[in-house]
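Protein chains: 4
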Amino acid sequence: MAGSSFGTLFRVSTFGESHGPAVGCVIDGCPAGVLLTVEDIRRDLRRRRPGGGAGTSPRHEDDEPEILSGVYEEKTLGTPIAIIIRNRDQRSGDYDTLKELYRPGHADWTWELKYGLRDPRGGGRSSGRETAARVAAGAVARAVLASQGIAIRAWTAAMGGISAPLPGHGDFDLAEADLNYLRVPGRDAAARIEKRLAELKEEGDSAGGLVSCVVSGIPRGLGEPVFDKLPALLGQGILSIGACKGVQFGAGFAAAGLTGSVNNDIPVPGAAPSPGPPALSFKTNNAGGTLGGISTGMNLEFQAAFKPVASISRPQKTVDRRGMVRDLSVPGRHDVCIVPRVVPVVEAMTALVLADLALRHRAAVIGTAP
Amino acid sequence: MAGSSFGTLFRVSTFGESHGPAVGCVIDGCPAGVLLTVEDIRRDLRRRRPGGGAGTSPRHEDDEPEILSGVYEEKTLGTPIAIIIRNRDQRSGDYDTLKELYRPGHADWTWELKYGLRDPRGGGRSSGRETAARVAAGAVARAVLASQGIAIRAWTAAMGGISAPLPGHGDFDLAEADLNYLRVPGRDAAARIEKRLAELKEEGDSAGGLVSCVVSGIPRGLGEPVFDKLPALLGQGILSIGACKGVQFGAGFAAAGLTGSVNNDIPVPGAAPSPGPPALSFKTNNAGGTLGGISTGMNLEFQAAFKPVASISRPQKTVDRRGMVRDLSVPGRHDVCIVPRVVPVVEAMTALVLADLALRHRAAVIGTAP
Amino acid sequence: MAGSSFGTLFRVSTFGESHGPAVGCVIDGCPAGVLLTVEDIRRDLRRRRPGGGAGTSPRHEDDEPEILSGVYEEKTLGTPIAIIIRNRDQRSGDYDTLKELYRPGHADWTWELKYGLRDPRGGGRSSGRETAARVAAGAVARAVLASQGIAIRAWTAAMGGISAPLPGHGDFDLAEADLNYLRVPGRDAAARIEKRLAELKEEGDSAGGLVSCVVSGIPRGLGEPVFDKLPALLGQGILSIGACKGVQFGAGFAAAGLTGSVNNDIPVPGAAPSPGPPALSFKTNNAGGTLGGISTGMNLEFQAAFKPVASISRPQKTVDRRGMVRDLSVPGRHDVCIVPRVVPVVEAMTALVLADLALRHRAAVIGTAP
Amino acid sequence: MAGSSFGTLFRVSTFGESHGPAVGCVIDGCPAGVLLTVEDIRRDLRRRRPGGGAGTSPRHEDDEPEILSGVYEEKTLGTPIAIIIRNRDQRSGDYDTLKELYRPGHADWTWELKYGLRDPRGGGRSSGRETAARVAAGAVARAVLASQGIAIRAWTAAMGGISAPLPGHGDFDLAEADLNYLRVPGRDAAARIEKRLAELKEEGDSAGGLVSCVVSGIPRGLGEPVFDKLPALLGQGILSIGACKGVQFGAGFAAAGLTGSVNNDIPVPGAAPSPGPPALSFKTNNAGGTLGGISTGMNLEFQAAFKPVASISRPQKTVDRRGMVRDLSVPGRHDVCIVPRVVPVVEAMTALVLADLALRHRAAVIGTAP
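Chains as they are written, first to last, in the numbering used here: chain Z, 1 to 370; chain H, 1 to 370; chain W, 1 to 370; chain Y, 1 to 370.
You may find that some hints are simply not true.
[Stated by the list, open to error] Pairs of lysine to aspartate or glutamate residues, derived as EDC-like cross-links and limited to a Cα-Cα distance of at most 16 angstroms, are as follows:
no., chain 1, residue 1, chain 2, residue 2
1, Z, K201, Z, D62
2, W, K99, Z, D327
3, H, K99, Y, E73
4, H, K75, Y, E73
5, Y, K99, H, E73
6, Y, K317, Y, E100
Just so you know, the hints here were simulated from the structure itself, not pulled from any lab data.
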């Protein structure tokens with residue numbers, strides 16, 4: 001198993017090179033009886049598409065998903081769900097000049113090292129195109145989670161060095177993040193960021209940024225200690241997105257500088273009594289929604305950092321396949337910043353982790369065994 | 001599989017409650033022919049023990065490992081290696097008063113929610129005691145890696161809000177990190193941090209901190225794209241350590257604010273020609289040693305954030321098992337800051353990830369098949 | 001993971017319902033650099049098609065495979081290989097009358113029990129159509145094994161109660177098994193079996209049979225004790241083929257009646273000295289090619305039993321979805337005996353197991369680590 | 001992962017060499033809240049011990065299990081359950097003369113081939129001693145299944161070429177199988193078999209045999225198509241027992257010679273209506289309790305063949321480590337027939353498979369999701 005599969009019970013395998021015939025996924029372990037239409041998948045794929053404007057790639061893909069199996073009369077069968085998305089816009093010619101070069105910040109060289117050969121067309125499997133399959137799989141996971149009232153919402157928290165407003169501060173408004181193609185939850189910040197991206201584009205440069213994510217309605221008890229804690233699996237999922245350089249949960253890196261008396265989230269009695277342990281809530285949520293790696297019922301909150309796009313039109317030095325130093329100015333259809341398009345990928349990975357942990361949690365206690 | 005197993009080919013399962021008969025591990029998949037003695041394991045376990053001074057727990061454990069299987073005449077057999085460490089200092093009485101309370105910042109409540117019952121003695125399996133088994137397993141992984149010239153080194157990068165010097169700056173000296181029990185690589189910083197911890201202890205409070213880790217001698221090509229990228233699996237491994245709230249690789253969160261022209265690591269021709277792709281090196285290492293999730297041969301560099309110890313003697317409010325608000329002042333044998341003792345655990349998790357990926361990498365290319 | 005995935009390192013997931021848009025597979029873990037063309041897959045699929053004559057289904061499928069990913073310029077990339085085969089001949093109408101019935105000997109009822117719903121068209125995923133995806137995946141595994149000189153050969157050993165000649169006895173001739181569509185390695189037996197199948201067809205009845213398989217050129221050392229012994233994994237693979245009721249290795253069930261002095265295969269010195277243990281051969285091969293679950297280098301030999309086809313046109317009693325007893329005479333396009341078409345499926349499952357164990361074996365010894 | 005782990009959700013890893021410090025197991029994934037005492041494990045281990053008489057080894061082991069983790073106040077915690085059994089009777093000296101020889105029918109040579117070295121004391125990990133750990137793990141699985149009313153019962157069906165009575169025929173009586181140490185369910189057959197074993201012992205020879213197993217009370221719906229069908233996983237589990245050469249389900253190999261009209265099990269309406277599909281029963285059980293790999297609620301029935309014990313005192317030829325032909329007469333403490341002691345191992349493997357599938361089944365349908 002060479003790393004293109006993810007999850008234990010809700011297990012997805014993705015496949016596809018950037019300029020091959022198709023990208024796609026197979027989900028082995030989706031429960032039966034889930035309502036699922038091709039429109040559910042199409043909707044999430046649309047969120048991943050270049051939105052226009054200064055920041056995003058002009059490459060055009062219809063990204064029309066086809067469900068090949070596992071669904072009958074708009075319900076899942078409990079059998080593997082295969083989804084493919086044909087690559088329609090395969091202008092390989094764009095990449096011919098790059099065939100003999102190792103682009104800085106890209107996986108061209110490491111891939112060739114590891115496998116002895118590579119598909120040079122558009123980065124092959126190391127292309128961001130691969131994430132279309134993740135988003136399709138994530139849409140299936142979301143359909144599973146939807147019936148449980150779980151809602152996953154990510155947005156651009158910073159880009160090009162400019163921060164968006166924080167939740168509950170300034171003009172923070174998640175609806176706004178749907179209105180602008182930058183996924184920035186604040187009109188002022190969006191305008192400033194757009195201006196900054198336009199400058200960078202002009203300079204032939206690129207930007208990095210931060211994505212924040214909040215999950216509400218998450219059931220208590222999800223997460224499998226010791227190694228498969230909720231933040232650990234989610235960390236793997238998010239760090240597996242190309243260009244991700246870090247992830248933090250709740251107070252995150254800031255927690256390292258706090259004292260216990262400040263950082264501890266104090267429990268308070270919850271609204272309703274329940275069988276088993278009492279319902280609890282917490283005065284604060286520095287933990288970001290988990291304790292001991294298990295969900296508390298508080299919102300799951302995390303943030304991820306993405307490095308700037310490696311392909312820039314500014315000239316750079318690099319090395320070619322014969323080991324010679326070369327000048328490079330990357331042509332082609334590239335985003336100035338990938339962050340807005342990563343937002344739905346972060347949501348998809350979160351959905352995949354939660355769907356898997358929700359199924360795994362059902363095996364935890366014998367009282368409810370079949 | 002309820003989360004106590006880790007790895008694909010070099011697969012470790014840990015077991016044990018804080019105050020049960022023993023903690024331990026089984027490694028299924030260690031190659032045959034590796035030199036391994038009980039002293040290798042003992043040495044790493046010693047690094048994890050409370051070092052004395054203001055910051056660490058007075059609990060005393062010999063932590064004497066016993067190898068039950070998988071080793072014959074100081075060589076691994078290729079069969080499962082089981083190691084146990086008896087829990088000798090099981091003063092359960094200390095915890096009787098906590099049986100009916102949910103301690104803030106601990107997993108008492110989530111554990112009881114998830115499983116319907118828990119071992120209340122010292123946190124049971126959610127105790128930091130569990131990491132002794134990780135360190136024992138990590139020692140076996142290190143023995144595997146040692147023959148390849150891979151060296152893993154972690155240290156305390158900040159504690160109680162005070163930073164240690166950075167590599168190459170100030171009086172940074174890794175040898176110093178072995179001399180002081182705080183694992184701080186700089187004498188001045190160590191002194192200031194010790195003073196700060198003493199104050200916090202006086203105040204009945206606790207501290208968090210940062211751990212940095214560098215791996216040198218890492219072979220090129222380790223890491224399995226897409227989901228099992230080296231930083232993704234390492235992220236899971238590190239975030240699975242209790243109290244970890246974030247992890248970042250190379251330039252990490254700072255990379256999100258950079259431009260591509262600044263962040264890209266420019267390749268330069270490497271020292272020696274090699275069969276296959278040319279040897280490369282990089283002018284900078286913002287990537288932290290991987291590209292596309294695959295190791296480049298540059299040092300692997302990452303940092304992790306740990307929240308302050310949740311058990312503090314300062315009074316806190318909490319809730320008991322009947323849902324009533326209660327006052328709590330945690331007695332018992334607790335560290336003011338866990339970070340120095342986490343250092344060898346970070347090293348162990350890193351070793352486990354690398355040993356697994358080294359074995360997995362061998363299946364990547366057919367030319368070298370059996 | 002709901003059971004549609006197989007293997008540890010060479011891991012295949014299959015998907016597809018009998019009358020959905022397509023069946024197919026994704027292989028995650030095929031090494032890079034293996035020569036692979038679509039014709040390799042087509043060739044094996046042709047062996048699985050109905051061969052004509054009395055015994056096989058008139059359903060007509062082109063079974064044209066499409067490779068969607070993982071191959072570039074006829075070499076595997078080390079990335080997931082996705083292959084789909086469109087279902088072209090989807091006359092669902094044939095099955096409308098069966099929608100409300102549970103056919104004897106079929107999985108209609110158990111499937112509906114397990115999942116709460118089912119795709120009634122042609123058995124959905126429980127149809128033999130699913131094996132086309134296995135054969136496609138097996139063709140990839142064969143390409144991996146071919147470079148090692150491993151050859152897998154199965155044939156019809158008995159059908160309709162009539163035995164084919166044994167290897168080395170009568171007119172046993174494997175070339176003959178390719179000439180007749182019954183896959184019987186002997187002209188006389190083939191003629192008698194064909195006659196028997198014609199009678200059964202006349203009677204509206206069906207037949208079961210035996211498949212034998214021999215693997216030559218198998219490297220020594222394949223198989224992972226304890227639970228993943230070569231015969232154990234192969235047993236799983238073969239017993240996972242629909243209608244398989246038993247599997248035996250080497251002397252098999254007959255060995256249970258022998259004494260140790262008769263059954264033991266006596267070792268003799270092998271032809272050539274080798275580093276490590278001496279080369280050995282064995283005077284007999286009652287073991288069927290393994291000792292302690294590890295291949296000896298002798299031929300791997302096993303046999304599997306398949307029950308008679310459950311769909312017969314003779315009237316049977318059954319029960320419908322409302323629990324009422326009903327008469328049933330199965331119409332549709334059915335084989336009188338599935339055994340000839342199972343032969344390439346047995347070969348495919350064998351290839352999948354061996355490719356996986358060959359990759360896993362490479363992690364067994366440290367001396368050869370990367 | 002080198003093959004010493006088994007199961008997906010109820011996952012057991014076993015460890016230990018025959019003459020090392022201990023054998024044992026870790027179960028990761030046992031649900032919380034299961035009643036479990038050390039006596040449950042002791043009871044099953046006693047069934048595996050040599051029973052005395054002509055047929056069994058004089059080696060004496062107390063086989064006293066110690067539960068190291070995962071159980072608190074006689075209830076499982078949901079955490080890993082580690083159990084060890086010390087090897088007390090380690091007379092390695094018995095084996096010194098065998099160090100340089102490869103015993104016929106044993107794994108000495110293949111093990112050395114695969115790993116480059118081996119523990120020569122008593123077969124090391126390839127010894128039957130390893131099954132003590134399986135029986136201990138099986139006892140935990142049985143505790144999980146017991147609450148569901150599932151009962152697993154195996155017995156000696158044939159030994160030394162002499163058959164025991166079939167269920168419902170002759171003096172078949174399972175209670176009798178508990179009374180005689182041969183596990184034969186019929187007094188006459190037991191007497192004849194005992195006589196035969198005494199003869200074989202006299203002749204310095206050994207016997208093989210058959211084990212039959214019936215599981216009653218099995219819930220409907222267990223088994224995960226396609227590759228993880230109940231008989232497929234059970235087949236792997238049973239074939240992983242050393243010396244097993246074949247396994248058959250229901251009518252088994254005999255089904256290959258039947259016609260569909262004879263072999264099909266005709267459904268009849270079951271006793272009670274149920275939500276979802278109607279309850280069904282079957283007039284016959286040629287299928288052995290599954291359809292499409294999913295349990296029907298009928299008894300699960302299967303049989304396994306075991307080769308004769310390889311260690312015999314009659315002189316045999318073999319080859320030594322230098323490749324020279326040698327005479328061998330195996331001394332030491334060996335069973336004439338292993339079958340009676342395999343009976344509880346077959347039960348244990350069956351329990352492990354069913355516990356795992358019972359947990360996996362809970363993820364099949366969304367309506368019952370958490």
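Outcome of the hint check:
1. Z/K201 to Z/D62: violated (25 angstroms)
2. W/K99 to Z/D327: violated (67 angstroms)
3. H/K99 to Y/E73: holds (14 angstroms)
4. H/K75 to Y/E73: Violated, at about 39 angstroms.
5. Y/K99 to H/E73: Holds, because 14 angstroms separates the two Cα atoms, which is no more than 16 angstroms.
6. Y/K317 to Y/E100: holds (14 angstroms)
Violated hints for the displayed structure, listed by number in ascending order: 1, 2, 4.
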